[in-house]
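Colleague: These are the residues of each chain, in order.
Number of protein chains: 2
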Amino acid sequence: MSRTLEKTVAFQGERGAYSEQACRESLPGYRTIPCRTFEEVFQAVDEREAAVGMIPVENSIAGVVSDSYDLLGVFQLHILGEYYLRVRHCLLGTRAAQIDGLRAVYSHPQALAQCRTFIRKHGWSCNAVYDTAGAAAALAERDDPFEAAIAAELCAELYGLSILARDIQDSHLNTTRFLKIVKDRSVPPKDVACKTSLVFEVRNIPAALYKCLGGFATNGVNLTRLESRPVPGTPWSYHFYLDFQGRLEDRPCRLALEELDFFTSSLKILGSYPEASNWYETR
Amino acid sequence: MSRTLEKTVAFQGERGAYSEQACRESLPGYRTIPCRTFEEVFQAVDEREAAVGMIPVENSIAGVVSDSYDLLGVFQLHILGEYYLRVRHCLLGTRAAQIDGLRAVYSHPQALAQCRTFIRKHGWSCNAVYDTAGAAAALAERDDPFEAAIAAELCAELYGLSILARDIQDSHLNTTRFLKIVKDRSVPPKDVACKTSLVFEVRNIPAALYKCLGGFATNGVNLTRLESRPVPGTPWSYHFYLDFQGRLEDRPCRLALEELDFFTSSLKILGSYPEASNWYETR
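Heads up: the sequence lines are chains A and B, in that order.
Residue numbers for the first sequence follow my numbering, so the first one is 321 and each next one is one higher.
Residue numbers for the second sequence follow my numbering, so the first one is 321 and each next one is one higher.
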């Protein structure tokens with residue numbers, strides 16, 4: 321691995337995206353590389369163009385980020401760690417904009433939904449665009465004082481916009497969980513609390529999912545997440561993404577995984593990694 | 321219930337949405353009522369402005385329609401039935417448009433994703449808008465021969481557009497599952513195969529989810545779906561939406577539900593209803 325690669329992190333979105341915010345907070349000193357799609361983030365890591373990929377997998381309000389989960393199943397990459405970003409939406413306008421003169425607001429559909437109360441109060445029309453930072457960039461280009469964008473504070477500085485309002489989200493518990501993905505598997509340090517993530521398909525047997533979870537129950541391994549996603553090309557079949565507390569090397573986890581393996585038709589370990597230190601603050 | 325209410329069905333989206341297509345196929349003879357949001361569909365049924373609401377809950381490729389699931393948990397409505405709609409995307413243009421002259425294509429992000437191969441082949445730029453029918457309506461208004469919309473065939477007739485290509489989706493197994501929701505609970509006929517849907521939160525005990533599924537496993541009740549959604553206001557807590565084969569009145573189902581009740585902190589039955597007759601065709 322070259323010296324330059326060592327300190328690079330790829331994220332999806334334009335400059336100023338919440339994913340870039342997560343990169344800056346979680347990996348200070350890393351050079352951030354914007355990618356157009358989640359797939360390009362995975363590719364950048366896979367082809368060693370970036371040392372790390374920072375991908376959102378779940379928002380505490382909106383739920384899973386489906387594309388990220390699906391790509392975890394497709395690529396042969398590993399999870400190095402997780403990070404919880406507190407999402408704080410800002411209302412951004414052009415230099416000439418005033419909050420009372422606004423007519424329309426642009427952002428990603430999830431951001432619009434998360435600021436529903438604030439938007440309704442003002443009676444603005446909503447316009448869904450591909451991402452929050454993109455909304456800010458496009459607004460700066462149009463330079464329309466009757467329009468605003470909802471995006472991260474970072475975008476004001478990047479695109480020369482004014483912050484018309486801060487923290488406009490309905491819920492102040494709005495948090496996004498990110499995973500840091502890397503090319504090479506690493507074993508997490510021994511003295512820290514860990515999580516392990518994996519993806520499996522159940523065998524075509526009665527009560528398959530129940531049997532898959534049995535090994536975790538009887539070995540006292542705590543599940544933190546179970547998420548199902550459609551199997552591409554096989555309608556109404558599902559991949560299950562599962563997170564549990566512990567690491568592959570722990571005996572109870574090993575026993576649970578042996579049992580799981582028996583009841584699954586496919587099983588892929590995505591990695592054992594330290595639990596984020598800010599995990600409890602966001603609960 | 322008034323005579324006029326009896327034959328009305330509300331759907332989310334503009335005229336020509338895939339949800340309207342599902343209404344026409346599943347409830348022929350019903351008057352269709354377009355609603356701006358999923359919440360308005362639920363409200364229309366709750367306030368008896370429509371006899372039935374037709375809501376998409378899952379696409380075989382994209383996965384769950386989160387908003388629908390969340391609203392099922394919030395409103396006190398009942399599931400009358402399910403319907404599987406084969407999604408067949410069309411490329412629609414203005415009368416003057418030619419497929420080789422197009423530069424940009426507009427549609428809902430899911431529809432754009434589902435036609436990825438076709439769009440990439442032509443090198444068009446993608447523009448995400450709120451819904452497929454809205455993309456068609458807006459295109460008809462702009463009357464721009466260099467742009468196209470991806471939407472249901474129904475939109476060509478409704479908005480005076482030309483069909484430039486049919487069946488442009490990547491997968492021909494692209495199917496959306498709809499639920500028909502009603503105000504009053506009804507008991508499904510005795511001689512048909514049924515499903516039951518419910519939503520629960522697990523108690524804060526070890527191996528809670530495993531224990532919740534135990535009654536179904538030991539009583540031979542087949543689960544067809546398990547989906548988790550964040551609990552609003554309680555980050556990293558989940559509602560589980562569960563579908564199983566059978567009806568509330570069946571003895572094995574009753575026993576499974578009694579056991580489930582013991583391990584849950586909340587449990588809400590959404591309804592027992594006949595399995596869609598076209599359920600197996602879409603597998």
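Calculated directly from the structure, the hints in this document are not laboratory data.
No experiment lies behind these values; they were computed from the predicted model shown.
Take these hints with a grain of salt, some might be off.
With a cut-off of at most 27 angstroms between alpha-carbon atoms, the simulated DSSO-like pairs for lysine-lysine come out as follows [stated by the list, open to error]:
# : chain 1 : residue 1 : chain 2 : residue 2
1 : A       : 503       : A       : 588
2 : B       : 503       : B       : 588
3 : A       : 503       : A       : 327
4 : B       : 327       : B       : 531
5 : A       : 531       : B       : 503
6 : B       : 531       : A       : 588
7 : A       : 510       : A       : 441
8 : A       : 531       : B       : 327
9 : B       : 531       : B       : 441
Colleague: Hint by hint, say whether it matches the structure.
Modeller: Checked hints:
1. A:503 / A:588: holds (15 angstroms)
2. B:503 / B:588: This hinted pair holds, its Cα atoms lying about 15 angstroms apart.
3. A:503 / A:327: holds (14 angstroms)
4. B:327 / B:531: violated (43 angstroms)
5. A:531 / B:503: violated (37 angstroms)
6. B:531 / A:588: holds (25 angstroms)
7. A:510 / A:441: violated (51 angstroms)
8. A:531 / B:327: violated (45 angstroms)
9. B:531 / B:441: The hint is violated at about 49 angstroms.
In summary, the numbered hints that this structure violates are 4, 5, 7, 8 and 9.
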